[in-house]
Amino acid sequence: MSTPREELAQLVEELPEDMVPEVLASARAKLALAGGWPPAWFGAAESGETDLSQRVDDILAEGFGQ
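The numbering of the sequence shown is the working numbering, which starts it at 1 and goes up by one.
Hints are not guaranteed to be accurate.
[As the list claims (entries may be wrong)] Have a look at the derived ranges for each label pair, beta carbon to beta carbon:
hint, residue 1, residue 2, range
1, R55, L33, 31 to 39 Å
2, P21, D57, 48 to 56 Å
3, L11, Q54, 45 to 53 Å
4, I59, E7, 43 to 51 Å
Derived from the structure by calculation, the hints contain no laboratory data.
For glycine and all other residues, C-beta sits at the position ideal for the given N, C-alpha and C.
Sequences and hints are given; from them, build the entire structure.
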């Protein structure tokens with residue numbers, strides 16, 4: 001039994017040459033929608049402080065994110 005990745009690789013090998021651009025464009029579009037990791041906001045609350053979740057109201061009142 002093959003893994004999904006192995007099956008995908010086999011299907012890609014079997015693609016007729018004229019279908020490659022269409023399938024490639026579709027795969028690129030799906031990857032673009034999925035986004036990368038980490039998200040752009042990841043680590044936005046890094047400040048060296050360890051009590052950020054306890055101080056969330058104070059941090060927001062100071063204008064965080066504006």
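Each hint, compared with the structure:
no.: 1; hint: R55 - L33: 31 to 39 Å; in the structure: 35 Å, holds
no.: 2; hint: P21 - D57: 48 to 56 Å; in the structure: 53 Å, holds
no.: 3; hint: L11 - Q54: 45 to 53 Å; in the structure: 51 Å, holds
no.: 4; hint: I59 - E7: 43 to 51 Å; in the structure: 48 Å, holds
Of the numbered hints stated above, none is contradicted by the structure.
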